[in-house]
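Student: So you can see what is in the structure, the chains are spelled out below.
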Amino acid sequence: MKSSVKLHFCRWDLIVAAAILLLAGGLTFGYWGQTVSAAGSGLTAVVSANGEEIDRVDLASLKTAEERTYTDLGYTLTVEFSPDGVCVETSDCPTQDCVHTGTITRAGQSIVCLPARISVQLKADVGQAASSGDFDVMIG
Amino acid sequence: MKITTKQLTLCAVLTALALALSYVENMIPLGLLIPLPGIKLGLANIVTVFALYALGPGQALLILLARCTLGAVFAGNLNALLFSLMGGLSAMLVMIALSRLKRLSIYGVSMGGAAAHNCGQVAAAVLTLGNLAPLGYLPLLLGISLFTGTLTGLIAGLLFRAMEHTNLMKA
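Chains A and B supply the protein sequences, listed in that same order.
Heads up: the first sequence begins at 1 in this note's numbering, then just goes up one per residue.
Heads up: the second sequence begins at 1001 in this note's numbering, then just goes up one per residue.
Treat the hints with care, as some may be off.
Reference listing, derived: stretches of chain A covered by chain B, where coverage requires no fewer than 3 residues with Cβ under 8 Å from a Cβ of chain B [what the hints assert, rightly or not]: (1) 42 to 53; (2) 77 to 86; (3) 97 to 109.
Hints listed in this document are in silico derivations from the structure and should not be mistaken for laboratory results.
Note that CB positions come from ideal geometry on N, CA and C, so glycine has one too.
Start from the sequences and build out the full structure, keeping to the hints where you can.
Tutor: Below, the structure is given as structure tokens:
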């Protein structure tokens, strides 16, 4: 055997566990802190495929649930957008993680489909209508 | 690096074991309980931890590279190679560093490896997707790595206790 190995849990292992929890806490604060500060504003769902934005839906502008289909890398996802949130209804990807994620409802949350390289991310609205289809008249 | 026939045979057996554990792991529907992309128990990490202590970093790295490459070839998914390599190499580097700290037990080393594995895989997901969305999963994945790291440390420890009664590990 190359080196001796301690087989019993010791207090020094707790330092490793604490460091991991600290990192998780720091990331939670850094990533989700922005989410909390943006609470109360409207939500926009941003759909990306292969790192490029392919669709953007202003959830506040929806009256009822609306389904849209996205295809990339041979996989097709049916995404349901509603005023309350977004979920992947169906997907023909092998892992189905995107479907099992369920409905996301808060800014910062995302649904990721790695096989299709498609992600849906909720972002806090900055007060601008996201979809050009929402405009009745454009001036200037 | 000079490898004896006995060590080479042990490396091959451990690579096969790691591949089998990866295959078995895919049958466990952990994603139904915790719906996070890429969440796994990391059973193949048992072999990495064992090989690191029993054979040393060089041979443990060879086993890891063989497992990642063969796993991606058998699955017919070269995209999986990036994920398993980034996760596996991150875990390996952290575990090599932690195993040099003599005060830590196999549990601390294994937990650090599990956490680094998740960091590596999330980094691969960020690179693949081209946006930072997967970062939102990392805090939860790190929390879960405490459980999965303890589990793999426990099983690797049991393996060492079982091997004490054999002469397989003697040079």
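Student: How does the coverage statement for the region 97 to 109 of chain A fare against chain B, requiring three or more residues with Cβ below 8 Å from a Cβ of that chain?
Tutor: holds (count 7)
Student: Are three or more residues of the region 77 to 86 of chain A within 8 Å, CB to CB, of chain B?
Tutor: Answer violated; 0 residues pass the 8 Å Cβ test.
Student: Check whether three or more residues of the region 42 to 53 of chain A sit with their beta carbon closer than 8 Å to a beta carbon of chain B.
Tutor: With 4 residues in contact (Cβ-Cβ under 8 Å with chain B), the coverage given for the region 42 to 53 of chain A holds.
Checked against the numbered hints listed earlier, the structure breaks hint 2 alone; every other hint is satisfied.
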